[in-house]
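J.: Here are the chains, one letter per residue:
Number of protein chains: 2
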Amino acid sequence: MSEYVYNLLKKHHSVRKFKKEPISEAHIKQLVEAGQSASTSSYLQAYSIIGIDDPEIKEDLKEVSGQPYVVENGYLFVFVMDYYRHAIINEDSKQDMRTSFESAEGLLVGTIDATLVAQNIATTAEDMGYGIVYLGSLRNDVERVREVLGLPEHTFPLFGMALGIPGDDENGSPKPRLPFEHVFHANRYDSDKEHQSETLKAYDQTVSNYYRSRTNGERTETWSDQVANFMSAKQRLDMLEQLNKSGFIRK
Amino acid sequence: MSEYVYNLLKKHHSVRKFKKEPISEAHIKQLVEAGQSASTSSYLQAYSIIGIDDPEIKEDLKEVSGQPYVVENGYLFVFVMDYYRHAIINEDSKQDMRTSFESAEGLLVGTIDATLVAQNIATTAEDMGYGIVYLGSLRNDVERVREVLGLPEHTFPLFGMALGIPGDDENGSPKPRLPFEHVFHANRYDSDKEHQSETLKAYDQTVSNYYRSRTNGERTETWSDQVANFMSAKQRLDMLEQLNKSGFIRK
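Residue numbers (the numbering used here), protein chains in the order written: chain H, 1 to 251; chain W, 1 to 251.
Hints were generated in silico from the structure; no laboratory data involved. Even glycine gets a Cβ: it sits at the ideal position worked out from N, Cα and C.
Simulated restraints on C-beta separations:
no.: 1; chain 1: H; residue 1: S213; chain 2: W; residue 2: N209; range: 56 to 64 Å
no.: 2; chain 1: H; residue 1: E153; chain 2: W; residue 2: P22; range: 41 to 49 Å
no.: 3; chain 1: H; residue 1: S191; chain 2: W; residue 2: R214; range: 39 to 47 Å
no.: 4; chain 1: H; residue 1: E181; chain 2: W; residue 2: N229; range: 38 to 46 Å
no.: 5; chain 1: H; residue 1: T220; chain 2: W; residue 2: D53; range: 35 to 43 Å
If you want the ones that stay clear, here's a sample from chain H, every Cβ over 12 Å from chain W, calculated:
no.: 6; residue: K17
no.: 7; residue: K62
no.: 8; residue: R212
no.: 9; residue: E218
In silico SDA-like links for lysine to any residue, alpha-carbon gap of 20 Å or less:
no.: 10; chain 1: H; residue 1: K175; chain 2: W; residue 2: E33
no.: 11; chain 1: W; residue 1: K20; chain 2: W; residue 2: K62
no.: 12; chain 1: H; residue 1: K193; chain 2: W; residue 2: S93
no.: 13; chain 1: H; residue 1: K201; chain 2: H; residue 2: D190
no.: 14; chain 1: W; residue 1: K10; chain 2: H; residue 2: H27
no.: 15; chain 1: W; residue 1: K193; chain 2: W; residue 2: V183
no.: 16; chain 1: W; residue 1: K193; chain 2: H; residue 2: E91
no.: 17; chain 1: H; residue 1: K11; chain 2: W; residue 2: H27
Use the sequences and the hints to build the structure in full.
T.: Spelled out as structure tokens, the structure:
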């Protein structure tokens, strides 16, 4: 029984400072192949991968994301939900496939497919010695990302991933996760509010202590604080409109 | 530079025949921990994992899925998009978080978070020597799954995963994936239809040959055939309604 992957994954933390060394083409190829090996819903393979080393495109995407490591990294991926090839097949077919891939089910399948691919790439990259960080921030301006990457109808940029050799001053560490008992449910979902509140309280303390010890007491917020602040900022409420415009969740 | 994970992932294929040996509690715990170590969008951790060994619940879910390996396996996971705990925090908060987690952005975040966790579990399980298969088929009847698993509002069952020691008669093999050049785009998306059609034609031949050689010529369909047939069957067109009912993509 190998514990190799278990031990690798347990060490995961997002890396946000990279050395400038670019990742070799051979490694990019291996990473994409590892990604493609992931399971895919009903063999649909509803994703594409944009691999970016062009400094201008990186700058454009940094404007969307606001994060310096969108430019300063060894390589950049953008993961795209992709039914463009299915749409091409549909053009030559007498069958109606369009209803399917424009449905909410099509959205789930494409999002799940692309994410399975991305996580295979993340794990392979970390095994190779690279660090990675996901970039949901590309959804800050989906229209701009579509334009910069030349994305056609029936594709959608879900998120990016910056990767590279971790910088010498990189000092990330795994952040405490929700307690096992809180995310894991045996056989049926435990929706008891009191029990959930109790485990959340203990976890809030853990997170607060984590921040306190890493910032010399400057940050002390709990997980509940952080989540409430983040979600009440109501970001990216245009997402349904962006999905519609791109050809998804159409009725 | 380790190629351990690359080599492991390249061997992946779905396993649909398992031995009856249950997976030990210690391994389940390790798998869930590996899952929890995945990246999570803005630290929201918008997922839960239901771990199932109860034979009656397995039978109920098999009725939804129609697949025998939902019962015949070493263990069963269901991956749930989960904002129930965020809703509890929202009740005690003066801020409005609800608009966020009921939005399309909330749906993307929850689907991505849950899928990252699942793929970590898949990779860890395969490294331990187990086989796995994803079960999108649980979305055949979301209402029934919600009922069987006791899922509250603001949670949604995305997919399952059956796992276990591969049966002696298990003879799966990695299915040919879309060509690298077709899913990978350098810097900008290549939407040239002629080029896409051409690479699809070559791939169609590859897939047809794969089926022919594995079925003694009984199956010869191309990837395009398979995709067209699958999508024109228009399955699960109730997904938007199911998402709405569960508290998602509400306006």
